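Chemist: Chains as they are written, first to last, in the working numbering: chain Y, 1 to 58; chain S, 1 to 436.
Hints may be right or wrong, so weigh each one.
[Claimed, not checked] DSS-like, lysine-lysine: derived pairs with alpha carbons at most 25 Å apart:
{"no.": "1", "chain 1": "Y", "residue 1": "K4", "chain 2": "S", "residue 2": "K179"}
{"no.": "2", "chain 1": "S", "residue 1": "K103", "chain 2": "Y", "residue 2": "K4"}
{"no.": "3", "chain 1": "Y", "residue 1": "K25", "chain 2": "S", "residue 2": "K35"}
By construction, these hints were calculated from the structure, which means they are not laboratory data.
On a predicted model such as this, the values are computed, not experimentally measured, just so you know.
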Amino acid sequence: MNFKEELKRFKPSMEVDEIEDAVMKMDLTDMNDIMFQMMEKTVSEKTAVKDPKEEPLQ
Amino acid sequence: MERSNRLYRIANAFYNLGLEKARLNDLTGSAELLKRALRFNKYCTNARNLLGLIYYQMGETADALCQWIISENLQPESNAAQRYLDMIQRKPDQLERDSQAIKKFNQALATAKSSDSAFAIIELQHLVSERPNYVKAQIVLAMLYMDKGDNIKAGRALMQVLHVDRNNPTALILMDDVKQATGKAEVEQKRLKNAFSHRKMEDDDVIMPESQNTKIPFSTTMIIILGVLLGMVAFSTLLLPGIRKTYYKEANEKVVDNNRKLSTVNSDYNRVSTEYEELKIKYDDASKKLAAFEKENRDFASMFGLLKNIVEEYENGRYTDAANDWLSIDREIEFLNEEPLVSQLKEVDDVIYNGCYDKLVSLGTQSWNGGKKEAAMSYYDLALKIDPDDPEVMYLKARLLQSEDRISEANRIFDKIVGEHPESKYAERAVQARGY
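Looking at chain S on its own, in the form it has when it is part of the complex (with noise of 0.2 Å):
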């Protein structure tokens, strides 16, 4: 107990130094300190919720989410950072807007580091733009201003950086470049040395007195008065008129000029949105042929490949899987009129017919003469339904009817294949089982 006081009193004092170096701008050794309190506690709510809002300021919203998330967890109850989770799911646009502008920064770090920087230079500015307050951005930014020489901008960069994280190391590492390299550092120390200079006044030093005061007499201030009004009231009778018409003239001129402009604009776009709703509609007419060319795209391959498998299942003796899939195939569909799938189709039906037919016939036979009933009427039932009018199949499923004491519907079965295959001769087999 005593320990984790001494524990939660260390975390305390991390927590308080984070806080200080947060209130002067020093973020990034503010979070550093809040790191290290959580490391001694981790349920310091403060140091987290802290940490997360410095994360938010440099402008790595994610990593706030992230810290404000865990608080909560840690600490459901009375949590200031609920609030903060509140205020940034009340407005979803802005934190699409935060994704979007991680989302651009990933991309232009990616970007400079594939050696294209001209292109990382502009989309990071147009970034920083947006968000002043994106420390990475800024800075590598300035970087990559640095490398193209243009260390002004550079400068401009960090200094905004060093506003916002006010002793980002980085940043003051690349500022003392920069410095060095635009001569800056020389006038900086300069006027250091001035500014702490303790020189002592010598014999020939002269102190200049900061102003003189000289009295101007009343008359004169009368006379400049007098000169001032009637300096106005002949402006304002001889010259003002003129100036007043010309201005209105002017103006008058503008206005109609504008009304001019401005109607041609609304001519302009009123073509142009007519011009926008005939594209748009030819537009959606387009997606929708492409919609529909690329649904029938789709079920031409899903054909195509279900033909395909339908053999292999053949080869690799799945005949119930192949006859089940030949039987599911849609024959309404146009495309099965066109090549390649006309000959597949063909083949397929080949397979079917003249192969797995038979096996499904024997293998319903094997079943019964192994005693499993049920598998043989099930291998019967899918023979049937690829060829309904074998009689042959049809006495058997009839038979196997009877000997399970299904005697109307063998009989029905029967009276069928004498009704329609009267030259068969499973017609006269039918008559003998039936019992005529």
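Pulled out of the complex, with its shape left as it was, chain Y reads as follows (with noise of 0.2 Å):
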């Protein structure tokens, strides 16, 4: 065993004073808002209007 690689792969525990953080900053995301993330994509990609200004000059 390479001690001192094992240990690099150790983190420092959260302290308390970090939790409000955290929180803050924890990822919620479940599989349920990936899929409605994903249909709603798909919905406003299909209901989209083009912008006039972008089509080329007759």
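With the hints in hand, could you dock these two chains into one complex?
Modeler: And the structure:
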């Protein structure tokens, strides 16, 4: 066992003072959210109106 | 809707598996499954609360609180997380101790990483003696022991980890190494081999009887009982009084000795208490002096900065700021009589009286000429705060008041010029302006 290498893998425990920050930063996205986002994206792409300014001039 | 239900069912299945593992003390395995459950349904409150409990059991209080706080926010009504948080908040001392334990671990880990493993071992030993459930601390301690070659102690620490978290992967790997190093692996393998071997009996094998039943005759029993009774009587009549006497004598001597020691300790305690009180008084006195000295030092530094600032403001053309700061100096302060403040203050006074003052007066006149009478008035007022007896500025201010039909105020100043500075050229001009 390479002691130094193994020890590097250990991260410090979260301290009580850091809880507020950790709660704010915690990613709570679940599968339901991801699927909902995908559905929204698909719907918005289908119903999107093209900007007339971007169309080529006739 | 159906999709959501399916996700909830998957989450629930992971939760059930996690719960089963938690019941079998496989905390790491359980935590992984519960995290998966939460990935499928973040509102799976039971999974989140159980994950918090697992973290708490493993000594990671902050992680546990994190999960319970989120759980309470996601489901504010009828949530077990509230009970857990209440229990912890009801004992602030406990939370403080947990917090200190985490800090100690982090400190020890940093020390271990910086190569001072002996000190880290001492810190971790102290920590795990108070918190044997702190899995991370036990594992790091075990690794430090292994690094030192103390595999027995490492094995004990790892046993403690496996007692809390039966399948902790790191602990299992390290335990394998420890067993190899101590030779326990071979012993265990042999034992297992013997336990599960199905060897056939051979012709030479002999089955030994478990015990032999022999009957003792009644008369022999009676003789033994009689002998025992006689022995007891002889002991109580011949030996016991002497033993008792010696015992009481020794006990009395011990009591007397202890009383003597106690009185010595009491007198020592009284002496130390008195010394402590005296030292406390001296310490308080010294603390007060130190605080006063620090305050004075701070004030001194602050005054030094203020004086320096006034010169800078003047040099940068911020005459009003320079004048206001100069006026804010408290000249009663004792250390203004000490160097280098004395010479610095003198320099600042020169700047204000010989430079800044004239600038303010000329800015006032410029403003007046430019039709900005209000600004002109504020410049003159500031100048008069620096030198209230300058007849020129007094005259200018009075004229400015006159131009704004504030005649009575202007006349008061004209009278003052005439009364207090009769030789000044502005006395005559004041008389004319007032219209005597």
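Chemist: Would you check the hint for K103 (chain S) and K4 (chain Y), treating anything up to 25 Å between C-alpha atoms as holding?
Modeler: 21 Å, holds
Chemist: Tell me if the straight-line CA distance from K25 (chain Y) to K35 (chain S) falls inside 25 Å.
Modeler: Answer holds: K25 (chain Y) to K35 (chain S) is near 17 Å, not above 25 Å.
Chemist: Holds or violated: K4 (chain Y) with K179 (chain S), Cα cutoff 25 Å?
Modeler: 21 Å, holds
Of the numbered hints given earlier, the model fails none.
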